[in-house]
Amino acid sequence: MSKILIDLAALFAGVVLAFIIQDALPPMSDFHSAHVLLVPMVFCLAAVVLPFPAMLIGAFYTGFLSDLMYMHVVGGKVEIPLGMSIVFFVILGSIANGFQPAMKSRNVLPFVVLSGVGTSGYLLVQFLTITLQRGGFIWDEAVLWRILAPGLIAALIAPLFYWTLSQIDRLIPDGSRKLRSITR
Amino acid sequence: MNKLNIALVVAILAVAIYFSTISPSAMQAMQSGFMSMLSPFLRTGSAMQENLGSVGRRLQTLDELEVENKKILVENRELRAQNNLLNELETENSRLRMALDFRERSSFKLMPARIISRDASTWWNTLRINRGFEDGVEADMPVVTELGVVGKTTTVSKNEAIVVLVTDETCRIGCKIDGTREQGIISGLRIQEKAAEGLLQMNFLSKNAKIEPGQQVLTAGVAHGAFPPGLVIGRVKEFRPRALDGQAVVEPAVQLDSIEDVFVLIGKK
Numbered sequence: 001m002s003k004i005l006i007d008l009a010a011l012f013a014g015v016v017l018a019f020i021i022q023d024a025l026p027p028m029s030d031f032h033s034a035h036v037l038l039v040p041m042v043f044c045l046a047a048v049v050l051p052f053p054a055m056l057i058g059a060f061y062t063g064f065l066s067d068l069m070y071m072h073v074v075g076g077k078v079e080i081p082l083g084m085s086i087v088f089f090v091i092l093g094s095i096a097n098g099f100q101p102a103m104k105s106r107n108v109l110p111f112v113v114l115s116g117v118g119t120s121g122y123l124l125v126q127f128l129t130i131t132l133q134r135g136g137f138i139w140d141e142a143v144l145w146r147i148l149a150p151g152l153i154a155a156l157i158a159p160l161f162y163w164t165l166s167q168i169d170r171l172i173p174d175g176s177r178k179l180r181s182i183t184r
Numbered sequence: 001m002n003k004l005n006i007a008l009v010v011a012i013l014a015v016a017i018y019f020s021t022i023s024p025s026a027m028q029a030m031q032s033g034f035m036s037m038l039s040p041f042l043r044t045g046s047a048m049q050e051n052l053g054s055v056g057r058r059l060q061t062l063d064e065l066e067v068e069n070k071k072i073l074v075e076n077r078e079l080r081a082q083n084n085l086l087n088e089l090e091t092e093n094s095r096l097r098m099a100l101d102f103r104e105r106s107s108f109k110l111m112p113a114r115i116i117s118r119d120a121s122t123w124w125n126t127l128r129i130n131r132g133f134e135d136g137v138e139a140d141m142p143v144v145t146e147l148g149v150v151g152k153t154t155t156v157s158k159n160e161a162i163v164v165l166v167t168d169e170t171c172r173i174g175c176k177i178d179g180t181r182e183q184g185i186i187s188g189l190r191i192q193e194k195a196a197e198g199l200l201q202m203n204f205l206s207k208n209a210k211i212e213p214g215q216q217v218l219t220a221g222v223a224h225g226a227f228p229p230g231l232v233i234g235r236v237k238e239f240r241p242r243a244l245d246g247q248a249v250v251e252p253a254v255q256l257d258s259i260e261d262v263f264v265l266i267g268k269k
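Top line first, the protein sequences correspond to chains A and B.
The first sequence stops at residue 184 when you use the numbering used here, and every number in between is there.
The second sequence stops at residue 269 when you use the numbering used here, and every number in between is there.
Next up, chain B with everything else stripped away, as it sits in the complex:
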């Protein structure tokens, strides 16, 4: 290897090391720019995949009916999700009125979004939605369906956002078990056999907690957290007391492998 080649290798490695020292927000900004550039091509690829997969179905139904059906389904889901949120608001409002302690509760606007691709990487459970910062979406915003929590946004580009699923180990959410005072942190498992159907682990519970299978797990809405309180995450499948704390195995409320539309909770109304 001649001197020029050695100098080139050293220069490229130096640039790589410099890149690794860039702040996470700057890295995210670069990723966002890259996503914006590649977005039309990735969408075309995903659309082709979707079209190929639905050839049989299209032969059986009329296009117009399908479009209308999809529109009604989205509308129905949005209304159901809004209804769930309103119920939660009503319950909380009653509780606060009873305690004569009125405080303002932030309510969120539901931004419907369509999933354009899922599970693009081997080690992380993510999906991409067709909403970006042009629609008011920002990083760390909750993503839900009418059934419960899906995950939260990470990198957001102009017209797209990456959503890290609740089944990913890096998606940690403060939560509580309904009907108890037990609070903990829920996350996915590192390796999910079938990522979208994976189980969740809720840690830092009391080891003597009285937790039964079937109890609902809700977001706790901790201060400065991304999630408002009361969103359904899943149901307890099993409780395991450990040496210092307890761990609950939780089944997610949302079937993550079959959802096509989600809602992003954006800002205050």
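The shape of chain A in the complex, shown without the other chains:
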């Protein structure tokens, strides 16, 4: 039980840290003002490590904070309602959780792919919700880049993120490392 709690606490802290970092990073002008998103990647790693019920708690936490962080209310109208990201992260987490055996055999490819697809998918869902709210479908190169570029960057960062966490994990004394749920 304590190993699950340690992983959940790491996810809770990691998500907040990811919010702070991605908020401080400026948009990439070369990619049509696309933003770097780290939260879906952090969640994906937790989702392939944690057992299903703990993953659901993580999905709820990540989704709730994501909605609060980027909620847009103008003139008493909410564009993306609170709760939408929770549903998204529950679906993404359920898919990612199925790749746990691959992760246990040190295959990081599913995590890398899910980080990219999850990040772009999250932005696509946001874009479609806004389109539904405002009416009139607009699709151009800028929209495409703003959805694809963060996903590509997340997929590129994901192996480095996994490697960094593995290195940090090695620094932890063996006794506590045995508590971790992932085989590294």
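If you are wondering where the hints come from, they were derived from the structure by calculation, not from laboratory data.
Here the structure is a predicted model, which means the values were calculated and not measured.
Any given hint might turn out to be false.
[What the hints assert, rightly or not] Chain B side only, calculated, beta carbon under 8 Å to chain A, not exhaustive:
hint, residue
1, Val9
2, Met27
3, Gln28
4, Thr154
5, Val164
6, Thr170
7, Cys171
[Claimed, not checked] To be clear about the criterion: a stretch of chain B counts as covered by chain A if any three or more of its residues have a C-beta under 8 Å from a C-beta of chain A, and this derived list gives those stretches:
hint, region
8, 16-24
9, 121-135
[Claimed, not checked] Label-pair distances were calculated between CB atoms; the ranges are:
hint, chain 1, residue 1, chain 2, residue 2, range
10, A, Pro26, B, Gly33, 24 to 30 Å
11, A, Val113, B, Glu75, 51 to 57 Å
12, B, Ile22, A, Leu132, 17 to 23 Å
We put the CB at the ideal spot given by N, CA and C, even for glycine.
Assemble the complex: chain A is given as a structure, and chain B must be docked to it using the hints.
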């Protein structure tokens, strides 16, 4: 998947659906609380970004001079903005005196604010300022510089506020074209190539309106609106007559990507 997992998924989805039915004001209150909690960390991140970006500049100038310069710049901008407002008041006062119709005009206090972060999200053009409800800032208050309108406040926390920029599609302002009787509603475009430098669209104009490029667009100050009349929004770049109405493409007066300080128009003096 066992029954417990299915029950957990259903419970979480039920909570998510319940959240989506909460009123916008309650959602905003939750966001405000969250912003207040996260504010010190976000400010640290933004300050680090700013410090890293200005390393070269700091090597060339003394810290004291920089601080003093910033202070004078803010003061100068505040005075210029106040002067613009006073000019507008004077013009209106003269017009009203001529019409022998005196009516009270609300004047606003300028609250200087510093931008602490910008463009935090992909789909909305927003920025965050270092003033919150402790400073008297409320939702839907105009945010300006000495050059014109920047946007309006949305969610306000204890020491911070989110400002939706005039270049965002959801920031709609009643406006008029200076020197004409033409009035319309101005908003940003959904996708701005470079959000801060984006153009604005002014809709619901007469299709036969005589509008020339370069004409100034000012806030109309409609009843129950957030903006007082006479604030500069931008200049007409192009006028397009359409089947039922006319649309003007407007260049914003404020360079939104380079501003560092703004003013919030709060309440009556």
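Status of the hints after comparison with the structure:
no.: 1; hint: Val9; verdict: holds (6 Å)
no.: 2; hint: Met27; verdict: holds (5 Å)
no.: 3; hint: Gln28; verdict: holds (5 Å)
no.: 4; hint: Thr154; verdict: holds (6 Å)
no.: 5; hint: Val164; verdict: holds (5 Å)
no.: 6; hint: Thr170; verdict: holds (4 Å)
no.: 7; hint: Cys171; verdict: holds (7 Å)
no.: 8; hint: 16-24; verdict: holds (count 7)
no.: 9; hint: 121-135; verdict: holds (count 5)
no.: 10; hint: A:Pro26 to B:Gly33: 24 to 30 Å; verdict: holds (27 Å)
no.: 11; hint: A:Val113 to B:Glu75: 51 to 57 Å; verdict: holds (54 Å)
no.: 12; hint: B:Ile22 to A:Leu132: 17 to 23 Å; verdict: holds (19 Å)
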